[in-house]
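Using the sequences and the hints given, assemble the complete structure.
Under this note's numbering, the first residue of the sequence shown is numbered 11, with each subsequent residue one higher.
Simulated from the structure, these hints should not be mistaken for laboratory data. In this text, all values refer to a predicted model and were calculated from it rather than measured experimentally. The beta-carbon is built from N, C-alpha and C at its ideal position, and this holds for glycine as well. Treat the hints with care, as some may be off.
EDC-like, lysine to aspartate or glutamate: derived pairs with alpha carbons at most 16 angstroms apart [what the hints assert, rightly or not]:
id, residue 1, residue 2
1, Lys115, Asp145
2, Lys92, Asp66
3, Lys114, Glu89
Label-pair restraints from in silico Cβ distances [what the hints assert, rightly or not]:
id, residue 1, residue 2, range
4, Val171, Ser140, 24 to 30 angstroms
5, Pro48, Ile98, 31 to 37 angstroms
6, Leu40, Lys114, 22 to 28 angstroms
7, Arg90, Pro200, 22 to 28 angstroms
8, Asp107, Thr73, 26 to 32 angstroms
9, Pro96, Ala164, 39 to 45 angstroms
10, Val171, Arg44, 23 to 29 angstroms
11, Asn29, Thr91, 15 to 21 angstroms
12, Thr32, Asn12, 32 to 38 angstroms
13, Asp107, Pro200, 37 to 43 angstroms
14, Val171, Pro95, 16 to 22 angstroms
15, Glu109, Glu37, 30 to 36 angstroms
16, Ser69, Gln130, 31 to 37 angstroms
17, Glu97, Pro30, 26 to 32 angstroms
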Amino acid sequence: MNPSLIRQRFDQRAARYDNPLTAWIGEQELRQIRPLIPPGATVLDYGCGSGRVTLDLASRGHTVTAFDISSGMLTRAQERTKGLPPEIRQRITFVSDLEAIQQKKWDCITCIGVLDYYPQPHPLLRHLASLLAPDGRLVITFPNAHSPLGWTYALASRFTVPATPRTPAFARQVALESGFSLLALRYAFPALPLLGHTLVLALHKSTDASTEKK
Numbered sequence: 011m012n013p014s015l016i017r018q019r020f021d022q023r024a025a026r027y028d029n030p031l032t033a034w035i036g037e038q039e040l041r042q043i044r045p046l047i048p049p050g051a052t053v054l055d056y057g058c059g060s061g062r063v064t065l066d067l068a069s070r071g072h073t074v075t076a077f078d079i080s081s082g083m084l085t086r087a088q089e090r091t092k093g094l095p096p097e098i099r100q101r102i103t104f105v106s107d108l109e110a111i112q113q114k115k116w117d118c119i120t121c122i123g124v125l126d127y128y129p130q131p132h133p134l135l136r137h138l139a140s141l142l143a144p145d146g147r148l149v150i151t152f153p154n155a156h157s158p159l160g161w162t163y164a165l166a167s168r169f170t171v172p173a174t175p176r177t178p179a180f181a182r183q184v185a186l187e188s189g190f191s192l193l194a195l196r197y198a199f200p201a202l203p204l205l206g207h208t209l210v211l212a213l214h215k216s217t218d219a220s221t222e223k224k
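The structure is reproduced here in structure tokens:
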């Protein structure tokens, strides 16, 4: 889908995006994401949405820059920081300018629930590779094409922003073709191979796939 259309659709959904169901599903994903973030890493949350990952990582001591192409979602994320302790809020920077995040190389980039909407994920993955430090790590997600939950989500998304489920084999291959090696592949909601709604991948900026771990 065209990024401009993605921006428009999420601007329209921002005010009603969060609800108890998405919060519960999001927590299942976060349980798989947290162990994949290097301790002490400075994180770019690319496509931060309403701030679920940003707020979680900041509360765990990470310095996080939250970026999103949707101004509505970015505003929603900023609103969610109200009431947080000052020491957590000061770890978060919100950015809407793509050029601003290109001024440095990042220890870790999270891109959660973003690649769902890109039928051709290679360009975005290669762009993210260009933002990483030489030893940096990228953590991404895809809806799982082997999971009935993944396809239920894809069908429901046709009414908002259409999502495309991917197989684990596709996820591995597109990562390799985009200049990464696979460090870990996990499943979320539930945390069971094949059945999990979400594929969670940790990638290293390298074309050497020999480092893959289970």
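Which of the listed hints are broken here?
3, 5, 8, 12 and 14
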